[in-house]
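*Asks:* Single-letter residue listing:
2 protein chains.
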Amino acid sequence: MSKKKGDKKAKSGKKKDLEGLSAADLAPAITQAARSMRTVLSRSLGESGLYAGQDGVILMLAEEDGLTPGQLAMRLGVKAPTMTRTIGRMEAQGFLERRPDGTDGRLTKVHLTETGLKSVEQIGRTVADCGSLAAKGLSDKEVRTLLKLLKTIEHNLQPALADD
Amino acid sequence: MSKKKGDKKAKSGKKKDLEGLSAADLAPAITQAARSMRTVLSRSLGESGLYAGQDGVILMLAEEDGLTPGQLAMRLGVKAPTMTRTIGRMEAQGFLERRPDGTDGRLTKVHLTETGLKSVEQIGRTVADCGSLAAKGLSDKEVRTLLKLLKTIEHNLQPALADD
DNA sequence: AAGTTTAAATAAACAATTTAATTCCGTACG
DNA sequence: CGTACGGAATTAAATTGTTTATTTAAACTT
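Chains A and B are the protein sequences, given in the same order. Going by our numbering, the residue at position 4 of the first sequence is 4; the numbering climbs one at a time, nothing skipped. Going by our numbering, the residue at position 79 of the second sequence is 79; the numbering climbs one at a time, nothing skipped.
Errors might be hidden in some of the hints.
As the list claims (entries may be wrong) - Under 10 Å between C-beta atoms, here's a sample of chain B residues computed to sit facing chain A:
no.: 1; residue: Ala27
no.: 2; residue: Ala33
no.: 3; residue: Leu59
no.: 4; residue: Asp104
no.: 5; residue: Leu107
no.: 6; residue: Leu146
no.: 7; residue: His155
Worth flagging that the hints you see were computed from the coordinates, not collected in a lab. Yeah, the Cβ is synthetic: ideal placement off N, Cα and C, and Gly gets one too.
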């Protein structure tokens, strides 16, 4: 009369003990999973000299160099000021470089440096390895299902994230 | 020779365009979903006067009052220093209170104040609502699947999180 | 052509998190 | 006893992340 674990109906005990769980538990669950992921990723990333959050910038620029801070922020799902500061640090660390646009004076373009380029491969591997570790024991289909559900969640949340 | 989008096999176009996705995309996907969730939750929580991350402490203490910082950190999947700081702020905000243990001088016990207790219900509703918003359009079964997969991920990551 | 509005980048302030290092208390051991 | 070890909490330093406000340049309106 205390734990409040599986005393809803104990319907059939079919799978695990997910009986009483519902959407109300979503926020804590995803928060915690992301925290773990971030910590593990961060530790691995440390060997490359960068922090969790910076990896996306490198990988995005590897796909398309010369993006603006605003574009990077948008694509990485982060607010502009966050990107500005992260770019600043990464520039100081020598991974990338800021250059004015030339035609539009408001724009800044971000380019990978030689150092940044050389790190791309390892970063990509680290991120992928972290994902594989997390997905251990899951089938490809389950992983795709998870990705699809996460995408749905984000799609649902997007309207609530629009800037006033 | 450039986009690397859906040119794996283009098997059958069965569902969506999840063709080329795999575990390698897991880390970014969960990171971004969690970021969105955190922002939305944080904005709603703001009306109660607290920030994302503090809600768990309130809810946990509502379930079991008088936990130590270490226990709270453990149960909320956070490191001890994080909890110390969060508790400090929440104490200053008047939501909780620190009391020495009495029998063991090393321990500190954390108790909800009257204000904290009064906020429990609203916090719980806010967190649940945020989850419901995120899960809009998903069936109960899909939500349970998602929770199960998230739990698996965290289980997989746990060993890598053990303190050296 | 001049003034207003929008858009992009940045600056400042507040929080969460982590790792590494400190302090304090209790217990075990010599 | 007194000293060494271990655990719990805290402090310090670094970074991402958000919100709010400021600057600067382009675009649009009279």
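*Asks:* Tell me the numbers of any earlier hints that the structure contravenes, in ascending order.
*Replies:* Failing hints, ascending: 4 and 5.
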